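Fit chains S and X to the known structure of chain U by using the hints.
Respectively, the protein sequence lines represent chains U, S and X.
Just add 39 to the spot in the first sequence (first one is 1) and you have the numbering used here.
At position 137 of the second sequence the residue is numbered 129 (the numbering used here), and the sequence of numbers has no breaks.
Just add 57 to the spot in the third sequence (first one is 1) and you have the numbering used here.
Be aware that one or more of the hints could be misleading.
What the simulated footprint calls covered on chain X by chain S, stretch by stretch (three residues with Cβ under 8 Å from a Cβ of chain S suffice, anywhere in the stretch; the number is not a length) [unchecked claim]:
{"no.": "1", "segment": "179 to 193"}
{"no.": "2", "segment": "302 to 316"}
{"no.": "3", "segment": "322 to 335"}
Heads up, simulated DSBU-like pairs for lysine-lysine below, C-alpha to C-alpha not over 35 Å straight-line [to be verified]:
{"no.": "4", "chain 1": "S", "residue 1": "Lys147", "chain 2": "U", "residue 2": "Lys54"}
{"no.": "5", "chain 1": "S", "residue 1": "Lys218", "chain 2": "S", "residue 2": "Lys147"}
{"no.": "6", "chain 1": "S", "residue 1": "Lys218", "chain 2": "U", "residue 2": "Lys171"}
With the Cβ distance kept under 8 Å, some of the chain S side facing chain X (calculated, not the full set) [unchecked claim]:
{"no.": "7", "residue": "Leu43"}
{"no.": "8", "residue": "Pro81"}
{"no.": "9", "residue": "Gln84"}
{"no.": "10", "residue": "Met96"}
{"no.": "11", "residue": "Arg105"}
{"no.": "12", "residue": "Arg107"}
{"no.": "13", "residue": "Glu110"}
{"no.": "14", "residue": "Leu114"}
{"no.": "15", "residue": "Gln140"}
{"no.": "16", "residue": "Gly145"}
I should point out that these hints are in silico values taken from the structure, not numbers from a laboratory.
Here the structure is a predicted model, which is why all the values come from computation and not from measurement.
Idealized CB from N, CA, C, for every residue including glycine.
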Amino acid sequence: MTAQAVGVSKWFGQKVALSDVTVDFAPGVTGLLGPNGAGKTTLLRVLTGLQVPSQGEVKVLGVDPRRDRSVYARIALVPEDEAVYPDLTGRQFVELRASLGRCPDPHGAAGRALEIVGLTGAADRALGGFSKGMRQRAKVAAALVTDPQVLVLDEPLNGADPLQRAQLIDLFVRLGSEGRTVIVSSHVLVEVERMTHRVVAMVDGRLAAIGRIDDLRAAMTDKPRQVRVTADHPRALASALIGVEGVEGVQLGGDTIDVTTTDPATLARSLPAVARASGIRIRAISPADESMEQVFRYLVESST
Amino acid sequence: MTEQIVSVDALTHRFGDVVALRAVTLEIAPGVTGLVGANGAGKTTLLRSLLGLVHATEGSIRVMGHDASTDPIAVRAVVGYMPEGACLPKDQTAADFVGFTAEMAGVPPKDARRRASETLFLVGLEEERFRYLGDFSTGMQQRVKLAQSIVHGPKLVLLDEPASGLDPAGREQMLALIRRLGGFGINVIVSSHVLSDIEETCQSVVMLDAGRLIRSGPMDERGTSKAVTVEVVGDPAPLAAMLTGSGLEVAAVGPVLTIEAVDDAVFDLIIDAAASTGTGIFRMGRAVITLEQEFLLQAGRPGT
Amino acid sequence: MTDAVIYDRGYRAYDGELLGRRATRGAIAKDGIRRILGIRRKARRKVLPWALLSIGLLMAAVLVGQLFIFGSLAGAVAEGLPSYAELFDLYSRIALLFLAITIPELLGPDRAQGVTSVYFSRPMSVADYLGAKATAYLVMAASIYLVPQLAFHLGAAALADEGFLAHLTGNLDVLWRVGASALGFILIHGGVLAIVGAYVDRTSFAAATFLGVLLAGGNLAGVISQAPFTGARYASLLALDDHARYVRDWIFDRDLGAYWPERAGFDPWVSVVVIGFVAVAGSAWVYRRYRRLA
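Isolated chain U (complex conformation) (with noise of 0.2 Å):
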C-alpha cells in the first residue's frame, strides 16, 4: 500500500512548484522536510488528489485519485491552514466529515476519534472559539474518523501545547506501526526524528533526497563526522587522539575537544583504548552532526 508520485511537475503560471518528482511513500511514517517554498504544500496536495499535476502521474493504493474518487475514502489530509466553519461544534465538524466519508456509525465514529486527539471534553463547543491546537487537533479527528489507510498531515502539531504534542507524536507513531502510510509535513525537526527515521526531503520543487537518515548521513562521504569528547584532560586525549587512524582534526574547547573523522567506526573503538592507555577519564562522547536538523542543513547546503 503506498502513495506515490511519478515524474511530477506542477506550475503555477511561470512559478514552477514542482519539477519533476519521483517519490514512493511506503506504509509506516516518513517525514517530508524542506525550506519553505519547496513544494511539500503542493505534493501533498497533489498525491491527495486535490490538485492536479501538470506533468506525471499520481498513484495512491493503486489508483489515480482523480479518476477513482472512491479512493478518498482511504486517504485523508490534514492541510496548515484552513478555515473551519465557526459555528459548527468539534463534534458535528467530524461528524460531518465521517458521513462524507461514507462511516456506518458517524456518531460513533466520530467519538473515538476525538477521543484519540483527546477533544472530548471539548467536542460540544464551537470551532469558532477554538485555539490553535484544539483547530488542529480537530482536523486530524476529522482525518481519522474514516480509518484512512494514508494519511497525510502539514503542520499538524501547529499550536499544540507540549502535552499534545507528545501525545500526537505517540498517535502518528502507532498509527504508523498498525501499517498506515502517514506522511508528515514539519518544520520541528527534532519532533519528526522522534516520529521516524526515513525522510524525504525537498529543496526548490525538486527532491534533494530520500532514505532514512543514518543511511544519508553515511553517504555524506565528503563530510566528515564530528564527534565530541568530554574529558578531564582534553589537551592530552587531544594530542592522543591525532594517532588515530582517520581522524583528520582535533577543535580544543574548555573541557570538551570535538574531533573530526572519516571513519567513525575505528574511532568508535580507539576512544576507549586511548583513554585507558593515557589514564585520562571520559565523561561523555556525543556525535555532533548525526542529528536529523543536521543532516538536513547539510542536505539543504549542499543542494543550493
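Only chains S and X this time, still in chain U's reference frame:
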C-alpha cells in the same frame, strides 16, 4: 545579589468564573528565561500581566522595577513584546513601520529612524526593509516583529512563539538571535511550546499548569538522572556482560545500555571494559532528563 | 602601538531619552494622516484621497472664476451666484465621501491585521490611541471642509472692489460661520463613523455602512417623521446629516433647503444638542469597545 527583573507575589487573576492564575509567586533572574505551559495554563495571562495589560485580582507584579498595576505605562516603556501571529500592516514598509513603533514608544523621530535601521540590520534584513510588509515571507515577518520589539531599547523583551512558522534554517537563525540578545544584556522571556527550543536558548525556566506555578528557576536545577547511557557499535553483549560482572546494574535495549551509576568512577569502568572487549562506543553520557520529560511528569502525565 | 581602531558594530544599546505620551499620540496621529493620504504607502492609495481633495479645490476655483466674470463677490451674489454657504453645500458631498472612505482606514485595518497587539504593547492607554486617531480625523476633516472655503475666500478677497485686506477684515464673520458649520458636520459624521469603524473591519464595507446609515437611514427617518401618528416627529431626530445642514443654514442665516428636523417643527438648537450628543456618545461607545479589545 543582582536585581531580579520580574517579581511576582501571590498573583491571582480571576475573570468571571475563570481563574487564569492562582496565587503565583516567582522571581525571574536576568538572562534568557523560558515560559512553558499547556494551552490555558495561564501563560498568556502572565505575559499580559508582565505588560501591565491586565489587572490582577489579587497580588502584585513588579517588572524592571515598576509596579505593573499602578504604573503599567512605565512598564511598557522599558519592555518590548513580540506577539504571536500576524500583526504587521500590509501597506507599510518594514523600515517605516519599525520607525513608527519606535516613535510610539517615545523615541524621538530622528533617533527612531536610525534605530529602526539598526535593529532591522541586526535581525538580518537589509534591502528588504524598504519593501512593503505585505510582500514579506513568514520568516521575514518574524524578524520584523523581533526588530520592533527591541527598537526602543528595552531591557526586557517578551517573545511569544518566536520560531512559529519558520523553516529549520529560519528556526536556527531565530534561536541564535535570541541567544545573541541575551549576550547583549537584554533580558528575554521566551514563551514556546517547543521545549527543545527553550532548552537550547534559555538559562532559566518558568512552568505553569492550570494557573499554578510548577517550577521557576535555573534550567540546570533539574536533577540529572543517576544513570549513564552507552550506545555501542556492534554487539553490546560482551560489554554488558563485563560491566555486570563488575557489579553494575545494566539494562540493554538494542545497542543502548543503561547503567545505574553511583559516582563518576563508572565512566572509568565503562571505558575500561570497552577497551578490554574491543567494543566501540558511539555515544556515552549521563541520561539527561529533558525539559519535555520533566514538564510531562510535572503536568501529571507519564513522560515518554 | 598603532592608531588603527576596529569598531565593534554589534548591537548598540539605546540609552536615549524616551519622550512621553504626547509624543506617542503625535506619532499615531501623524501616521493616521499619512495613511489617509497614502503618504509613504503604495501609489494607488494616494489616488482617491487626493482626487477628492482636488475636486474640492477645483470647485472653489470654478467659483472664483465665476466671480471674476462678474467682477466681484458682491456683484456675483447680486446675480444669484453661489457664495460661501452654497459652496459649502456643493462640496459637502465630496467631503462626506472623502471622510467616509478614509476614516475607517484609521481603525479597521489595525484590528483586521492584528496590529493592535503591537500598539497596545507600547507605553500608552486606549484613550491615547483613540485620541490620536481622533486627532488625525479632525485634521483631515478640517482640511477638506475648510481649505476650499479658504481658497474661495482668498479668491473673493483678491477680486473685491474694496481691496484685498479690506475684504478680509470686513468679512471676519464668514470665518466663524464657516468654521462653526464645518464643526457641526465634522462632529456628527465623526460620531457615526467612529461607531461604524469600531465594528466593521473592511474599509469599503464601513464606508458603505456609514453612507447607508447616514443618508438612506436619515431619509427613512425623515419620511417616518412625517407620518400622522403621535410622536412621529421625533423620528426626524435620526436624520443625522440634516441636523448639520439645518445648523449650517441657521449660522449663515440662509434657507437652502427643507430639512427633516425643521419640517418636524424643531428649532435649530435642538439639532446642536443632537450633534453634540452623537459626538460624545459615539466616542464613549468606541472607547468602551476598545477597552474590551485591548
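These are the hints, each one checked on the structure:
1. 179 to 193: holds (count 4)
2. 302 to 316: violated (count 0)
3. 322 to 335: violated (count 0)
4. Lys147(S) x Lys54(U): Distance of about 44 Å is beyond 35 Å: violated.
5. Lys218(S) x Lys147(S): Answer violated: Lys218(S) to Lys147(S) is near 39 Å, above 35 Å.
6. Lys218(S) x Lys171(U): Answer violated: Lys218(S) to Lys171(U) is near 39 Å, above 35 Å.
7. Leu43: 6 Å, holds
8. Pro81: 5 Å, holds
9. Gln84: 7 Å, holds
10. Met96: 4 Å, holds
11. Arg105: 12 Å, violated
12. Arg107: 6 Å, holds
13. Glu110: Nearest chain X Cβ about 7 Å off; hint holds.
14. Leu114: Check passed: Cβ of Leu114(S) comes within 6 Å of chain X, closer than 8 Å.
15. Gln140: With Cβ-Cβ at 6 Å, under 8 Å, it holds.
16. Gly145: Holds: closest Cβ of chain X sits about 3 Å from Gly145(S), inside 8 Å.
Hint violations for this structure: numbers 2, 3, 4, 5, 6 and 11, all remaining hints satisfied.
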